[in-house]
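S.K.: Let's have the full structure, built from the sequences with the hints guiding it.
2 protein chains.
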Amino acid sequence: MHEHYVVAIGNAIVDIIGRCDEAFLARHGCAKGSMQLVDWTRTAQLYDAMGPTVEISGGSGANTSVGIASLGGRAGFIGKTADDQFGQIFAHDIRTAGVTFTTPPAPEPSEPTGRCLVLVTPDGQRTMHTFLGVSPRLGGGEVHPALVASARIVYLEGYLFDRPEAKAAFRQAADIAAKAGRQVALSLSDAFCVDRHRAEFQALIRSSVDILFANEAEITSLYQTRSFEEAAGRARADTRLAALTRSEKGSLILGEGRAITVPADPVSKVVDTTGAGDLYAAGFLFGIAAGRDLEAAGRLGSLAAAEIISHIGARPETKLADLARAKGLIA
Amino acid sequence: MHEHYVVAIGNAIVDIIGRCDEAFLARHGCAKGSMQLVDWTRTAQLYDAMGPTVEISGGSGANTSVGIASLGGRAGFIGKTADDQFGQIFAHDIRTAGVTFTTPPAPEPSEPTGRCLVLVTPDGQRTMHTFLGVSPRLGGGEVHPALVASARIVYLEGYLFDRPEAKAAFRQAADIAAKAGRQVALSLSDAFCVDRHRAEFQALIRSSVDILFANEAEITSLYQTRSFEEAAGRARADTRLAALTRSEKGSLILGEGRAITVPADPVSKVVDTTGAGDLYAAGFLFGIAAGRDLEAAGRLGSLAAAEIISHIGARPETKLADLARAKGLIA
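As you go down the protein sequences, you meet chains A and B in turn.
Last residue of the first sequence: 1152 (the numbering used here), numbering continuous.
Last residue of the second sequence: 1152 (the numbering used here), numbering continuous.
Source of the hints: derived by calculation from the structure; they are not laboratory data.
From the three backbone atoms N, C-alpha and C, an ideal C-beta is built for every residue, glycine too.
Subject to a maximum C-alpha distance of 30 Å in a straight line, what follows is the list of computed BS3-like cross-link-like pairs (lysine-lysine):
1) 1090/A / 1140/A
2) 853/A / 1090/A
3) 1070/A / 853/A
4) 1090/B / 1090/A
5) 1148/B / 1090/A
6) 853/B / 1140/A
The following residues of chain A were derived to be distant from chain B, with all beta-carbon distances above 12 Å:
7) 822
8) 858
9) 893
10) 973
11) 999
12) 1004
13) 1013
14) 1044
15) 1045
16) 1058
17) 1079
18) 1085
Label pairs and their computed distance ranges (CB to CB):
19) 999/B / 930/A: 42 to 52 Å
20) 989/B / 928/A: 31 to 41 Å
21) 844/A / 929/B: 36 to 46 Å
22) 1017/A / 1068/B: 46 to 56 Å
23) 1090/A / 1054/B: 41 to 51 Å
24) 853/B / 1147/A: 21 to 31 Å
25) 989/A / 929/B: 30 to 40 Å
26) 1068/B / 930/A: 46 to 56 Å
27) 870/B / 1000/A: 34 to 44 Å
28) 860/A / 967/B: 32 to 42 Å
29) 1091/B / 822/A: 40 to 50 Å
30) 992/B / 822/A: 51 to 61 Å
31) 1020/B / 1147/A: 49 to 59 Å
32) 870/B / 1092/A: 23 to 33 Å
M.R.: Shown next, in the form of structure tokens:
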């Protein structure tokens, strides 16, 4: 098998994206900026309420894989779909984006393909409600060992921790990567997700994670502190390399004994922040896998995040390699 | 039943929209700017080839209904979906846009909900390939007589002529409207569609159509002439009211013994022309149903068309009533 820069493991999700105002969030009890898991009843209720939508393939780890492919790196994805129309959309979009995706859909009858209702407020902030559907039915047998071992970096999304089956797949991938001498990267995904699995995340980070991604809310939740500086200090002690994102303040990279602040790239208008963290991770991991230094990796992260927040949806609309070349970040 | 400004009858379609270059169209033998009907094999082949996409509810008549609702007019739609995920998307989007839509989905097993592969080239032009699926299974029984009779204007999309069952529904709606003393509007939809049904369209226009919509290619195809002026002259003789759209040249309205040229609204960048004609019709029909004069109706058409071509997809992203109010076109 060809060597991949990154193979990501995550929930296979189609985003259902609609605009709403702040009052809608309040009326429906939505925690702005968060990702909440919802059951089918709540999904149907919110969907009925939320106005016309557009559907775009998503999923945190999948978005990262697509971002790496868009930068010109070979990327793979492992995740579970159903054999339904959303599953067909998901598979089509990730494959035609150039990502290796071979996980077979669940045989019928199964739960439907996972979906995320994304509510975008006028400030561009996104509030997400995810119905996982068949997505967590990712058995250990689906974690294709040769594909995982082919990756310079195996990237795991924290959201997988929300279901025991998926967590098993997660651990198996980490084991394969460790045995193959590969690096393991983890995204904490969401502050509430961290809250649900704090102890396990802390143990995993110390034992098995080479590269940690988190935003301010996630890293302070992980270490149960209000101080970003304190949380960053603890992340520095616990991991070899951490990239902590801070929205418009850019990112702080901790590794090789250094703390590097990388500015965010300017955006004329923040349209939809969905996927900002996923695409920052794409740029950063592309840089690391390509052997670039930490600062260059961070700048690639800022570039990819800026593209994604300038339009609706978490998949790049412009080839990121072209943008990176125009900025002199890749040859 | 409440009175509706407009009830449209058309194919219920979800658009699958992706970008491509001119070479892609040439390589796949696509007639740029046209709508071609395709079978499942061709649909699958093009879809596999076309790169990542976004899914947005579409359908010519449905887009027009949504545009009228967005302008603040009561609108309805009659069209056939399957009980599948695309059907659920279609029904959700049109209902939450405020359109009366009560056609039940076809019981399982059925063909799937119709879809249209929309290829958008860098110049913003769209080239469409439609797999109608269950859409033409619109029996006469589905044309809800009270809903049709409730409409000041019944709007029929020419695309319906492509299948005999749908054509029967089309004729039935025209009959109900005539008996209720309502107006019948027809869009010619596509030059190739006109070519397939020229004689029937000509007869229908003379016998049953009060308001005719066509673009230059369609009206010249209808009358088999290369001269737009000649075609316009014949349309003037055949119909009480005709609105002929000419892209950036605006539209020519023929009616009440007058020929009125209405300029197109300026657009900073043409992103995707999908739905331009549908939304022009929405603005124009809203104006006519609201009792506005022909020039005001045409200006509303230009306004709605300009909004739709400034972004991906054929459903308004901005409330058209707000745009019309800002321009002083509605109170």
